[in-house]
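Those protein sequence lines, which keep their order, are chains F and C.
Under the numbering used here, the letters of the first sequence match residues 1 to 375, in that order.
Under the numbering used here, the letters of the second sequence match residues 1001 to 1378, in that order.
It is worth saying that the hints were derived from the structure and are not from the lab.
DSBU-like cross-link-like pairs, simulated, lysine-lysine; straight-line CA separation at most 30 Å:
#1 F:K11 - C:K1207
#2 C:K1223 - C:K1374
#3 C:K1179 - F:K116
#4 C:K1207 - F:K23
#5 C:K1046 - F:K116
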Amino acid sequence: MYKRTLEIIRKEFIQISRDSGLKRMVVITPILQLLLFGYVVATEIRSLRMFVLDRSHSEESRRLVERFVASGYFVIVGHTDNLDQVTNAINRDQALLGLVIPTDYAENVRRGVTAKIQLLVDGSNSNTATIALGYAGGVIAAENNDLMKANFRQRGFRLIEAGIKQEERIWFNPSLRAINYTVPGIVCLLLMEMMVPLTAFSIVKERERGTIEQLMVTPIHAGEMLLGKTLPYVLIGLFDATLIVTVGTFWFGVPIVGSVLAMYAYMTLFLSVSLGLGILIATIVATQQQAALTAQFALVPNILLSGFMFPIESMPAPVQAITHILPMRYILVIMRGVIMKGLSLAQLWDQALALAVLGTIVFSISWYRFRKVFG
Amino acid sequence: MRSPLLAIAKKEFIQIRRDRATIYMVFIFPLMMLILYGFGIRYDVKLVPITVLDQDRSAESRQYIERFSRSPYFQIIRNVQSYDELQADIDRGTARIGIVVPPNFGERLSSNREATIQVIVDGADSNTATISLGYVSSITREYSTSIMMTQMEGLLRRTNLSLPPIEVEPRIWFNPDLKSVNFIVPGIIAVIMMIIGTVLTAVTIVKEKEQGTIEQMVSSPIKRYELMIGKIIPFAALAYLDFLLIVVASYFIFGVEIKGSIVVLLIAAFLYLWGVLGLGVLISTITNTQMAAMLTAIIASMLPSILLSGFIFPIQQMPYPLQVVTMIVPARYFVEILRDIYLKGLGIEAFWQEMIYIVLFGVVVMTAAARRFKKTLD
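Extracted from the complex, chain F is given alone in its bound form (with noise of 0.2 Å):
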């Protein structure tokens, strides 16, 4: 009965290793989705490209700009007197945002009277935009402190210092690095990612060559034949997450805070869903290409509504709804929990139950109609 399912697990071996564009992907695939989402997804935004209009030409004004560069979140790309330049600047992507200070606002600021400047951003990346005026919302409100205090003082008042001290702590990642959220969330992405088509593939291509047939007159059993040709996806999956673990923790210098055997644990468990909906794919689709589109169609809400770049809170309700039905968002709070936060089963289990049900319920729905197709 083991044999049998050995036997499906060696062919499907054979298979793969002859398979060098296959094997090839297997090891490229991981290392370049880190490589490319730890460098580009977990850059902080910064520098921002600023273009300086300064009517003023006052100490005032430089105090101004000075403050916006001693920030560190913006850069100056360029000075100018006219108001064109630019515009140009941000239509041709030079600046992202245009500083205008007009010619009366170091009077205004010495008189006491509110002085108004322009800020021109441009709005055609909705997110960096607003990343950008929150940013330049702090360095105004930073001055505008310091220019009451120096008013008040002027005039021989001296201000009631009362207020409020805010002591921050920060947990679980201190120096606030992006890439220490990214890596667990990619390991779960490119189990995913990998494990849904390859395991939809793997039987659907036995499908479209006829070759399922030959396998059915065998004296193996549906269970045997699910077993033998989805065991060797696991591993594959084990391996590219250990792949990126690896290179997480000694590339990226990622910690791994929790338990690594519980992380294999609940990565086992995911895996096995993930097989599920692949299985699935592979039962209701008649062609290669076909489970190659649906497999992207199921991927595309796991990484865009599951938390992975994006938090789930700030999400419309009926997309927060909806969100409950995606394996992802179960793992990734799981996987960040463990690797992060080193939290255990305690702490987890309200999780790890809901991805336990969700795997559940697509295993027995896949099974059955499994065994309808190939029975």
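With the hints as your guide, set chain C onto chain F.
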């Protein structure tokens, strides 16, 4: 006389037409991406869950916390009695931020002394953490200022100073409401055309290789380049249809308008198509199974067009070596052209260099693909 090229194209069309499932997906997939992005994805951080531990329970502490519950950026999910409970919320991720108001908060403030609050942040998601920490600071600062103001009201009246000293008037160009769908549409066009054009083309050609049917065609009197072009024409049509579908759907569903010239847009997409298809053929020549072809196509085409095109992540923010890599990604130039047309309403004089690159990429990749295609068949 009927051209063999057209005969191949016709055969390919018939095969696609019979494959209902693929057709549905080719058209549903772009719509799904558009709708997901249009409705679901918000880059702004909103409604950050916070847990509050108010050890003071004075009028001041309530006022301060009130400001959080009124802010659109936060939602107070729980008021707890102990530090342990707060810690548990942050551990389990139910709250991203914990705010601790110490017992002497109100007393110190009303006697004009500085009070300290503690903010505990789950730093795991550093991006969200940084942004929400910024929001917390501004609420604290505003509350501080309001206390200071009430205490100095008399003083202000005597000095005649107007507050604030500086006021910023932001002018947001091209996308004044900062709607993400406006900037996402060009990216989706580039990515979808890649998925259909490259992934599907590669998988289909390899399929004939895998099944051995390509041999039959090679032994027919058809020329190699005819075979290749005949095979890619249907996918060119599908990818172009998808492009049109996204343009039309984004207009009717989300009201995304084209500010620039539609003709130029149509031409740009047409030029981009050839590089995309060429890449698909090229991948089909270096792989032998559909499985390998799909993985290679995803890595070589889809990922770069999502991550390295400036679609979501601005290129100028990437580390320098990666910025260099983006220079060979055609989607980068295509996204730039699309944004110029869509959002900025600029003409060809703003992006002719990008246009040239796209044409160049198409020519180089197509030539390489044709050469290898011939070699692998012979």
